[in-house]
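Engineer: Chain by chain, the residues run as shown.
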Amino acid sequence: MTMKVLVPVKRVVDYNIKPRVAADGRGVETQGVKMSMNPFDEIALEEAIRLREKGHASSVVVVSIGPQAAQDTLRTAMAMGADQAILVRTDAALEPLAVANLLKVIVERENPGLVSMGKQAIDDDMNATGQILAAKLGWPQATFASQVKIHDGKAEVSREVDGGIEVVNVSLPAVITADLRLNEPRYASLPNIMKARKKPLETLDAESLGVDLTPRLKVVNVSEPPERQAGVIVETVDELVHKLKTEAKVL
Amino acid sequence: MTALVLIETEQGTVRQASRSAISAASRFGDVDVILFGDNAENAAKLANVRKVLHVTNLPHLLAEPAAALLATLAENYTHIVSAVSANSKNILPRLAGLLDVQPLTDVIEIKNDDTFVRPIYAGNALATVQSSDRIKVLTVRGSSFDPVAAEGGNAPVETLGAPGGYDKSHFVKVEFSHSDRPELEVARVIISGGKGVKDAGNFQKLLEPIADKLNAAIGASRAAVDAGFAPNEMQVGQTGKVVAPELYIAVGLSGALQHLAGIKDSRVIVAINIDPDAPIFKVADYGIVGDLFDILPALEKAL
Ligand SMILES: Cc1cc2nc3c(=O)[nH]c(=O)nc-3n(C[C@H](O)[C@H](O)[C@H](O)COP(=O)(O)OP(=O)(O)OC[C@H]3O[C@@H](n4cnc5c(N)ncnc54)[C@H](O)[C@@H]3O)c2cc1C
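Chains as they are written, first to last, in our numbering: chain A, 1 to 251; chain B, 1001 to 1303.
Since the hints were made in silico from the structure, they are not lab data. Even glycine gets a Cβ: it sits at the ideal position worked out from N, Cα and C. It is possible that part of the hints are untrue.
[As the list claims (entries may be wrong)] Counterexamples of contact, computed for chain B against chain A with all Cβ distances above 12 Å:
(1) Arg-1050
(2) Val-1055
(3) Glu-1075
(4) Arg-1118
(5) Ala-1162
(6) Gln-1204
(7) Asp-1212
[Claimed, not checked] Here are the computed lysine-lysine pairs in the DSSO-like style, where the Cα-Cα straight-line distance is at most 30 Å:
(8) A:Lys-4 <-> A:Lys-154
(9) A:Lys-149 <-> B:Lys-1051
(10) A:Lys-18 <-> B:Lys-1282
(11) A:Lys-54 <-> A:Lys-18
(12) B:Lys-1264 <-> A:Lys-245
(13) A:Lys-4 <-> B:Lys-1264
(14) A:Lys-249 <-> B:Lys-1213
Can you make the complete structure from the sequences, with help from the hints?
Structural biologist: Next comes the structure, spelled out in structure tokens:
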């Protein structure tokens, strides 16, 4: 089987960093902040690499839409095992709709049999790009995946839903979005980091792909949420229950 | 202005979060609701509803035909709304793709017809955004809006069929973990366990008796779910369920950024943790530093 898998990866503020709202109220401070691959994209990439290792896919292509520095994210992806990378360069902060429209152009160029992507980016938390892309392509979608089995040109996908696990069967090509428990991504080994430097990385200009990138949302402002204050430490369970009854009045 | 609200039922009754979505959408004008599956008679009784659209041939709510149907109705509406749920997060962004509009996820405040507040960065920042799209597609957080009444209305029901013939996606099965406990999103009390609970047996033995006494829902941290102590639908946090109970009891969980994102709106937080420096104590109203294996049995007795 010669199916190519396309994996979009986003460069985001590292998940261990507590973001700070920028003083100008336009967004979140990213200057000098550690950036990493969106954790859900890592999981989606790991799944794609495993599909190739099991013989279901012939190659894994990663694509990132972002600034020049997103190259680092793509090199990390290739060190994990992706075969080649595409950077769609833009300094604008694009919305999921514009990202999906750009990805559609890349899909039409690369012709993958599967797009494996994260269910949400941990910066804008929108949880939308995969579904929008599937709609634009007219492809089926399997979101929030916790297990993927490929057979006979189809993917049987277990999905994390509100009450438990749902299983759907989608024809390929399809878009699958990864949830946390799909797999545990591997670490890139030092030799693989070296090898990744020689893998092909193509750069395209987002503006040149004939896609309308105009934002539909105007950011009016970004503010700090109200902070919770630390309360009191109690010594005994009886004291706790007493306070919950008489002070907090929740029991 | 007219809004269409996608509502869901749970064991026959309309979910409380769906009733909250109706009240949120009432800000925009008249509200029609659309229901996939049974129990349209319960939808007809909801307050503030002009008309019930009842789709009878799509019980499993596959995103592809559901979004395709919604797209044929969308031009009659200025806003398409649903409460945040696994189904709405699956379907509404796909609908937005079909309509070529930018959807809004997890709205917690409606400023006016086109301006909305939503959390970003795991709730560490709140973004106020103004949409220029002709049709606004949004999911709203149930706990941020008071629900409309479940009874009192008498809306007409119109039956609709989803377009047939879509054969690229099939429902295979669903495995629901059955529980008589309240849903996490609407529970008045939640007790959640983390990695510190150590195994699934302890989760049952230590958390369930307390949950029984308090009629509480049981939640879990990601680490506890990953380790198999609890099923995935119990995960609370940035990428699990966002909750806002009167009382949240956090047991043996450290209070990672991603977990706190899901519990910040709780009225009272209690933390039980052996590590006095655990970040959960920074947001807890009441804390006990100690071994949960001693504290939980004592708590059960004291209740
Ligand atoms: C993309 C992404 C999304 C995520 N989404 C979520 C999410 O939605 N929800 C979520 O919860 N996490 C999420 N996480 C994971 C999060 O970062 C943490 O890893 C996780 O919340 C930790 O779980 P925990 O607190 O149970 O475990 P730990 O951090 O290991 O904490 C265990 C705690 O138990 C205490 N303890 C141990 N033994 C005892 C004892 N005997 N008595 C009392 N206390 C004890 C310890 O002191 C410690 O504080 C996400 C992570 C990523 C990268």
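Engineer: Determine for every hint whether it applies to the structure shown.
Structural biologist: Hint check:
1. Arg-1050: 27 Å, holds
2. Val-1055: About 18 Å separates Val-1055 of chain B from the closest Cβ of chain A, which puts it past 12 Å; holds.
3. Glu-1075: Holds, because the least Cβ-Cβ distance between Glu-1075 of chain B and chain A comes to about 16 Å, which exceeds 12 Å.
4. Arg-1118: 8 Å, violated
5. Ala-1162: Since the minimum Cβ distance to chain A is about 15 Å, Ala-1162 of chain B lies beyond 12 Å and the statement holds.
6. Gln-1204: 17 Å, holds
7. Asp-1212: 14 Å, holds
8. A:Lys-4 <-> A:Lys-154: 14 Å, holds
9. A:Lys-149 <-> B:Lys-1051: 42 Å, violated
10. A:Lys-18 <-> B:Lys-1282: 14 Å, holds
11. A:Lys-54 <-> A:Lys-18: Violated, at about 38 Å.
12. B:Lys-1264 <-> A:Lys-245: Holds. Lys-1264 of chain B to Lys-245 of chain A sits at ~21 Å (cutoff 30 Å).
13. A:Lys-4 <-> B:Lys-1264: Violated. Lys-4 of chain A to Lys-1264 of chain B sits at ~42 Å, over the 30 Å cutoff.
14. A:Lys-249 <-> B:Lys-1213: It holds: about 16 Å lies between the C-alpha atoms, which stays within 30 Å.
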